[in-house]
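Spelled out, the chains give:
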Amino acid sequence: MATIPAPQYQPGGTTPRNPPSASSRVRRTMHRWVLFILMVVVAVVMLYPFWYIIDNAFRSAGQFDRQSGHSLSGWNQLFANLPVASELLNSTLVCVAAIAIILVVSTTAGFAFAKLRYRGSGMVFLLVVSALMVPLQSILFPEFVNLSNVSLTSSYAGAVLVYAALGTPFATFLMATYYRGISDELIEAAVMDGLGYERTFLQIAIPLSLPAIATITVLQFIQIWDDLLVGLFFLPTNQRTITAGLATLSTGRTTSVPALMAGSLISAIPAIVVYLIFQRHLIKGLTLGMGK
Amino acid sequence: MARIELDAVTKQFPDGTKAVRSLDLAVGDGELLVLVGPSGCGKTTALRMVAGLEDVTSGTISIDGRAVNDVEPRHRDIAMVFQSYALYPHLSVYDNMAFSLKYRGGVPKAEIRQRVAEAARVLELEPYLQRKPRQLSGGQRQRVAMGRAIVRQPRAFLMDEPLSNLDAKLRVQMRAEIAQLQRTLGTTTIYVTHDQTEAMTLGSRVAVISGGVLQQIAAPQELYRRPANLFVASFIGSPPMNLVDARLERGGSETDGGGPVVVFGPHRIGVPAEVVTEHPALERYLGEPIVAGIRPEHLRDAALTVDGGDRPAQPVIELPIKLREELGSEVFVHGAIGTAAHVSDDAADDVRSLATIVAKMDPRTQIAEGKTAAIAVDAARLQFFDPATGASIRG
Amino acid sequence: MSLTEAETATAVRPAARRPGAPVARSRLARRRRRAGILLSLPAVALVIALLGVPVGQAVYYSMTQWNGLVTTWIGPSTYVSLVKDPIFWRVLENNGLLLLAVPFAIGIPLAIAALLHEHVRGWRFFRSAYFLPTAISWVVIGMFALRFFSATGVLNGLLGRVGFGPSATDMLANEHTALAALAITFIWSMVGTNTIIFLTGMATLDPTLTEAARVDGLSRRQIFFRVTLPLLTRFIQFSFVITVISAFSALFSLIFVMTSGGPGFGTTTLEFFIYQAGFQQVQLGTAALYGVVLFVIMAIAGLVQLRLIKPDDGGGW
Chain X
99 MATIPAPQYQ
109 PGGTTPRNPP
119 SASSRVRRTM
129 HRWVLFILMV
139 VVAVVMLYPF
149 WYIIDNAFRS
159 AGQFDRQSGH
169 SLSGWNQLFA
179 NLPVASELLN
189 STLVCVAAIA
199 IILVVSTTAG
209 FAFAKLRYRG
219 SGMVFLLVVS
229 ALMVPLQSIL
239 FPEFVNLSNV
249 SLTSSYAGAV
259 LVYAALGTPF
269 ATFLMATYYR
279 GISDELIEAA
289 VMDGLGYERT
299 FLQIAIPLSL
309 PAIATITVLQ
319 FIQIWDDLLV
329 GLFFLPTNQR
339 TITAGLATLS
349 TGRTTSVPAL
359 MAGSLISAIP
369 AIVVYLIFQR
379 HLIKGLTLGM
389 GK
Chain V
2 MARIELDAVT
12 KQFPDGTKAV
22 RSLDLAVGDG
32 ELLVLVGPSG
42 CGKTTALRMV
52 AGLEDVTSGT
62 ISIDGRAVND
72 VEPRHRDIAM
82 VFQSYALYPH
92 LSVYDNMAFS
102 LKYRGGVPKA
112 EIRQRVAEAA
122 RVLELEPYLQ
132 RKPRQLSGGQ
142 RQRVAMGRAI
152 VRQPRAFLMD
162 EPLSNLDAKL
172 RVQMRAEIAQ
182 LQRTLGTTTI
192 YVTHDQTEAM
202 TLGSRVAVIS
212 GGVLQQIAAP
222 QELYRRPANL
232 FVASFIGSPP
242 MNLVDARLER
252 GGSETDGGGP
262 VVVFGPHRIG
272 VPAEVVTEHP
282 ALERYLGEPI
292 VAGIRPEHLR
302 DAALTVDGGD
312 RPAQPVIELP
322 IKLREELGSE
332 VFVHGAIGTA
342 AHVSDDAADD
352 VRSLATIVAK
362 MDPRTQIAEG
372 KTAAIAVDAA
382 RLQFFDPATG
392 ASIRG
Chain F
268 MSLTEAETAT
278 AVRPAARRPG
288 APVARSRLAR
298 RRRRAGILLS
308 LPAVALVIAL
318 LGVPVGQAVY
328 YSMTQWNGLV
338 TTWIGPSTYV
348 SLVKDPIFWR
358 VLENNGLLLL
368 AVPFAIGIPL
378 AIAALLHEHV
388 RGWRFFRSAY
398 FLPTAISWVV
408 IGMFALRFFS
418 ATGVLNGLLG
428 RVGFGPSATD
438 MLANEHTALA
448 ALAITFIWSM
458 VGTNTIIFLT
468 GMATLDPTLT
478 EAARVDGLSR
488 RQIFFRVTLP
498 LLTRFIQFSF
508 VITVISAFSA
518 LFSLIFVMTS
528 GGPGFGTTTL
538 EFFIYQAGFQ
548 QVQLGTAALY
558 GVVLFVIMAI
568 AGLVQLRLIK
578 PDDGGGW
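Protein chains in written order, with my numbering: chain X, 99 to 390; chain V, 2 to 396; chain F, 268 to 584.
Read the hints as simulated data drawn from the structure, not as lab findings.
Take these hints with a grain of salt, some might be off.
[Unchecked claim] Listed next, with one range per pair, are the computed distances between beta-carbon atoms:
| hint | chain 1 | residue 1 | chain 2 | residue 2 | range |
| --- | --- | --- | --- | --- | --- |
| 1 | X | T346 | F | E442 | 22 to 32 Å |
| 2 | X | I370 | F | E385 | 33 to 43 Å |
| 3 | X | N247 | F | N441 | 37 to 47 Å |
| 4 | V | A169 | F | L366 | 51 to 61 Å |
| 5 | X | I367 | F | Q504 | 34 to 44 Å |
| 6 | V | S165 | X | I152 | 55 to 65 Å |
| 7 | X | S228 | F | S344 | 57 to 67 Å |
| 8 | V | A220 | F | Q504 | 47 to 57 Å |
| 9 | X | S253 | F | N441 | 39 to 49 Å |
| 10 | X | N247 | F | T339 | 15 to 25 Å |
| 11 | F | S344 | X | N247 | 42 to 52 Å |
| 12 | X | A183 | F | N441 | 33 to 43 Å |
[Stated by the list, open to error] From the derived model, a few chain X residues whose C-beta atoms are all more than 12 Å from chain F:
| hint | residue |
| --- | --- |
| 13 | W173 |
| 14 | P233 |
| 15 | S249 |
| 16 | T266 |
| 17 | T270 |
| 18 | L326 |
| 19 | A342 |
| 20 | A345 |
| 21 | S365 |
| 22 | A369 |
| 23 | I370 |
Beta carbons: idealized from backbone N, C-alpha and C, even for Gly.
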């Protein structure tokens, strides 16, 4: 350090020396209350639509207009106009099938890109992940034509494949990021112990990546369950998902609002339940993409 | 310049832990007071309360006589240097230092430039003014953190273990620079560290804290020679003071010269008359258990002649030597004393009652492992502590 | 070494180098490569087959007139006619206007995240509540929004109560207000996602940075704008990407349920027009044409984001 000639420092020179009085503590408590009220206000804004839907799902058309009274007639109308149960089933089937494919495909590829790098794998990885940007609408019609040419549009298969393809880029990215976090030495140790890379993947990588798998499952479930366009397009009418069914119901002008509200409620509940149970995973999945 | 006073300050966290218990401290104008203690002892919490970053549960903190408990940090006119330096990564060194001056208001641009330039010159940061923190070494970042505090010309500095993240050599160098800087600026400073060497070299006074309670506050020499309790005795000084559970017995006239005798295991050490005079309270412990302490540097090889040989004979104890550590300039020998060493209540679990004491020897010593050696005890430097309270037995 | 031992040695290592041959890649590396290719194949195949190929096809079809059965080649002039078509520009304009909602869809969540970050009691509950809408389908949201903005809807009811009764209108009946209604609904749905992103970002920030600013004398507002915000740059960029992608793609369901593109072309965005052209008018060539434009826009947006994220924000990571 340079030798210091005594500089002319005047400590205390710059503050306006009039600190607030001891009511600062009171001010801080008030501040907290203001924040609390703000949070409540925002909560009302965010949650009101749910209340509206629940409230009006249990009315008849007349009650809806008057905005008073409750009944189950909305539900009756809903079930009359829409094969609710079977559509719920369809949604479930499609979700399960698509998620299964996504998981298989993304865990294997994610592991390969993260740990089994080969020449050009970086580019291939980029290719897969950038497919994220392909908007469904751009490929909608060619896709449909392709799939119907191989008769995949007369059953679940077509939709399942499309959902799987749409979900794979992000899922692969997520898995690759997660696998990168596993130390290379763990893999090498397994290889030294005599496992082939494929066995290492099955017996070591997969068990270690269960949290990421859970995250992808939750994310994709919500996305697929709530999706409209694929369900509308690639599924035959009698195998529609609940979301697609609800949407077509709403564009027909003959259905009463309470029925639609009831339909909304029914289609939203599974996703909400999944959300409530697996919140943590959802949040993790969202933010994991930012980490690296 | 400012006086800072802590008056019965207590901090209790929402989960019930009491980090600071009724702390009384006064820092004089322009003084550098060091708060030292093991991790978790509450020293950083106390510092943060002075800064205003933590609420005071009870008690008063005053700056220049005015209570500041409810005053926000920004109005206290205090600058703080954080352990992690807290440099803004998106700003250059210059902007980091000028940051508060710019946004606090009240300082014209020209003066900002001048103050930053001056601080940069003093801290040898001039070549780095346009760099970002991540392009700097640890030592340089530390100096930027100091620079940021200096340019504010505050009433007081608060430093939270500013050297902990530096390597040993750099730490020693920066220690000296900080001491010099503080002396030149004359700004009141509270400095927190867990390193007792740092505390001893920096502070005009040092406050030893453990478990949120102030153990002793005094000048470094005082802490060394007259520790107020077992904690201070074992915390200050490296290697730590040897502490043994012993009994104080009445001496017979034959070997011990009539005065009280410290007895532990097979060993007897007579307490010299001047010590008895200085510690009249020892009377009360005759026939009772006590904890006796002697620093390694006050034990020597009885076989080596002392220069200027006319020294009164010192008591000698015979110890089997378990270990000899060569440090070049000195030698440490560990000798078994054949009884339990004093193990404090909050000692780590892996402290075994292996019952050895450490002695610091002249490197010429011939003491070897596996042999028994005669160790002379400078009994005038004996310390005594009450086994129940841990307090030093004074007059 | 005796001769016999040397011979044995060679026998045991049959793959030893012969002079002039290239260095044999280790067997381990080869197995690794094989496993890598094998394991990544399904994903690549799926993506290429179902995402890549159709893109190429879309490009082909974009230069044709196609009604699903008969394909008539026209050539690149379709793009020229496109640029001259006022409907195209109208559609793009709608997308552009809706993009104006993006700053709000980012700014409002920033404020809410700052609010939650204070950790006032119960904040976790509120965080869950704000994030809940992300679990809901856009269809359902649209259902509610339709009723909310309609002539007899909730919004007008509220306005009436406050005294704006006479100005009650069906927001969805007018082109401009319909776009506004869509934008508001869009912002509402993005709040949850972006709030979580920013909240997470704030949680990862070093708290001593804001503490240092507090001790240094900055006011709360100054700290937020001068310290917190600059440090959140990466998160803001990430959220920007997500929001823009959503603005282009997810709005389809909202429009489908709320306005069907109307009134007129008032709320017909690019992605909705594709659906209309293909599904309702069965002009698949046109649909493909617009589809390619959409794809190009997304690709450009994606590349731009990538370049924005690369250059440093001062580091600190």
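Hint-by-hint comparison with the structure:
Range check, T346/X to E442/F: Cβ separation about 25 Å, and the 22 to 32 Å hint holds. Checked against the given bound of 33 to 43 Å, the beta carbons of I370/X and E385/F, roughly 27 Å apart, lie outside it. Between N247/X and N441/F, the C-beta spacing of about 44 Å keeps the proposed range 37 to 47 Å intact. Taken as a hint, the range 51 to 61 Å holds for the pair A169/V and L366/F, whose Cβ atoms sit roughly 57 Å apart.
Between I367/X and Q504/F the Cβ separation comes to about 35 Å, which falls inside the hinted range of 34 to 44 Å. For the pair S165/V and I152/X, the beta carbons lie near 56 Å from each other, so the given range of 55 to 65 Å is met. Taken as a hint, the range 57 to 67 Å is violated for the pair S228/X and S344/F, whose Cβ atoms sit roughly 30 Å apart. At roughly 55 Å, the beta-carbon separation of A220/V and Q504/F lies within the given 47 to 57 Å, and the hint holds.
Checking the proposed 39 to 49 Å range against S253/X and N441/F shows it holds: the Cβ atoms sit about 44 Å from each other. At roughly 19 Å, the beta-carbon separation of N247/X and T339/F lies within the given 15 to 25 Å, and the hint holds. The hinted window of 42 to 52 Å between S344/F and N247/X is violated, with their beta carbons roughly 28 Å apart. A hinted range of 33 to 43 Å holds for the C-beta pair A183/X and N441/F, which are about 40 Å apart.
Against the 12 Å criterion, W173/X stays outside the reach of chain F, whose nearest CB is about 16 Å from its own CB. With a least CB separation of 5 Å from chain F, P233/X falls inside the 12 Å interface cut-off, contrary to its annotation. With a cut of 12 Å on Cβ distances, S249/X stays outside the contact zone with chain F, its closest approach being about 16 Å. Residue-level check failed: T266/X sits 6 Å from the nearest beta carbon of chain F, not beyond 12 Å.
Against chain F, the non-interface label of T270/X is violated: not every CB pair exceeds 12 Å, the least being about 5 Å. The beta carbon of L326/X is not kept farther than 12 Å from every beta carbon of chain F, the shortest such distance being approximately 4 Å. Consistency note on A342/X: stated as away from chain F, yet its beta-carbon is not over 12 Å from all of that chain's, at 8 Å minimum. For A345/X, the requirement that its beta carbon stay farther than 12 Å from each beta carbon of chain F is not met, with the minimum near 5 Å.
Listed as a non-interface residue, S365/X fails to keep its Cβ farther than 12 Å from every Cβ of chain F; the least gap is roughly 6 Å. With 12 Å as the threshold on Cβ separation, the claim that A369/X sits away from chain F is violated: the shortest Cβ distance comes to roughly 4 Å. Non-interface status of I370/X relative to chain F is broken: a Cβ of that chain comes within 12 Å, the nearest being about 5 Å off.
The structure is inconsistent with the numbered hints 2, 7, 11, 14, 16, 17, 18, 19, 20, 21, 22, 23, although it conforms to all the rest.
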